Amino acid sequence: MEILELAFMQRALLAAVLVGITAPAVGIYLVQRRQALMGDGIGHVAMTGVGLGFLMSTNPVWMAAIVSIAGAIAMELIRAYGRTRGDIALALLFYGGMAGGVMLINLSPTGSNANLTSYLFGSLSTVSEEDVTAICLLAGFVILVTVGLRRQLFAVSQDEEFARVTGLPVRALNLLVAVTAAVTVTVAMRVVGLLLVSALMVVPVAAAQQLARSFRMTFALAVLIGTGVTLTGTATSYYQDVPPGATIVLMAIAVFAALTALAAPLARRRARAARPAVDGCDVDVPVTRGPADDVKV
Amino acid sequence: MSSEPVISVRSATATLGSRPVLRGIDLTVDHGEVVALLGANGSGKSTAVRSVIGQVPLTGGSISLFGTELRRFRDWARVGYVPQRTTAASGVPATVREVVSSGRLSRTRLKWPAKADKAAVQRAIELVGLADRAKDSVNALSGGQHQRVLIARALAADPDLLIMDEPMAGVDLASQEILASTLREQVAGGTTVLLVLHELGALEPLIDRAVVLRDGCVVHDGPPPEAVGQHALPGHDHVHPHAAGEPLRTGLLT
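One line per chain: the protein sequences are A and B, in this order.
Going by UniProt numbering, the first residue of the first sequence is number 1, and it counts up by one from there.
Going by UniProt numbering, the first residue of the second sequence is number 1, and it counts up by one from there.
Treat each hint with caution, since some may be false.
What the hints assert, rightly or not - Sample of chain B residues lacking proximity to chain A, with all beta carbon distances greater than 12 Å (derived): (1) D26; (2) S43; (3) L58; (4) D136; (5) A188; (6) L200.
To be verified - Taking CB as the label site, the calculated pair distances span: (7) A:P169 - B:D215: 53 to 61 Å; (8) B:K118 - A:T236: 42 to 50 Å; (9) A:A258 - B:G61: 57 to 65 Å.
Claimed, not checked - Just a few of them, taken from the derived set where beta-carbon distance is under 8 Å, the chain B residues facing chain A: (10) R78; (11) E98; (12) S102; (13) L141.
For the record, the hints were derived by calculation from the structure and aren't laboratory data.
Fair warning: this is a prediction, and the values are worked out from it, not measured in the lab.
Yeah, the Cβ is synthetic: ideal placement off N, Cα and C, and Gly gets one too.
For reference, chain A alone in the conformation it holds in the complex (with noise of 0.2 Å):
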């Protein structure tokens, strides 16, 4: 396996599986509480990271993180705070960001459109080593948070206004589950690209979804999803020259479509099992009866 030789598809192959893992695992909460897009308004978000990155010559994968946490807080408090006209808000601030970062890495002696593409659509190749050290990083602090906080999580994607009732410290948890999805985004944006970030953060978990009746069960098949088409999606690119962001979004909505097809049959199966005594109903209705016969009960 000479793939495994190279030192630049070590290290993509290692983003790949970080982000496989990590993806999914976040987009979980997301998906639980009806906020599937959020990763991609924190990724519009991340693109002024890069570009302020660029024009400060400091590591971009950093200065995305930061801006992004920043971003993501935002959203986070207008969701809690603002209920009306949250989605301006919203927009106002997906929109400044991805303006924002256009305009600094232009405005940035080193950069140019053709070094944003590479965080918009990922580029694995050129991860650098010191890119390596800030995704294992802050991976290792995803992983902490989407397991360790598992059940506390559940509970207030699931039901918030109960989570406030049992005494759990509900907003510094969403503010938590906020912070872990754009650390996510920077995370994943070298190796599927901020525009397709939120991708990698839903598919896996609706595809999971499809076969698993608990949660626990969603959330291990969504990280195996997610790792199975990063890994799959990354060798792809290297062998076929294609891009690896768009491979392995494409792959997974494969992986929805093919569960979603073996779903239905599964289920009609678990419904017979679950009950098979009943074959239909055992009542008696004579044919003959007319509307004007008495009926009795």
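On the provided structure of chain A, position chain B as indicated by the hints.
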């Protein structure tokens, strides 16, 4: 047990938007009592119970739970809350046990659940008669079973006070009876209950006192009112279109 009332609401006022919803409510619930809050839609029943658990801020008056000012109250494990919902499901599949387990978090908080916590969750599931469905997805349950899951979730923390917002909405007769017997056991064990109801129904024999609200004011506080006229007929039911798209039933006999 202390002689402090479990719930004490004193001249509470609250607004939603700019509309006054509570206009000076007094409500006391003593230890072991079962109190029903009755009233028409928009009378302030839900707002009243949600202000008791701190989810609606008061604009005037005060509330205390177990003798502690609500602002300083931290002992949430003593309160089991059943919110007004038609479903226990969310965007991701979850089993009955997973949903009920989240009720235990008021005791475990950020800690890992111990053996006793798992046993309490199992007990709560058995109490509502869903032991055989514990591993099933809540998506596969009927409306009445959803309500039973929500009640089991509140019972998982072994609360001293149960607060329920319309637990009987959209619940079939069989589930109503199971809920009534669950509640009877809790009350026999010394649990205090405050519940919002649209009508007394299957719970009637359990209720010690009824508080009737109209336009944000208490208009009756005493023995439960007798159902009269058409409302007393066994076939009379109120089913409200909480979820959009559900057929609207007027409550008239058809």
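Q. Among the hints numbered above, which are violated by the structure, and what are their numbers in rising order?
A. 4, 7, 10 and 13
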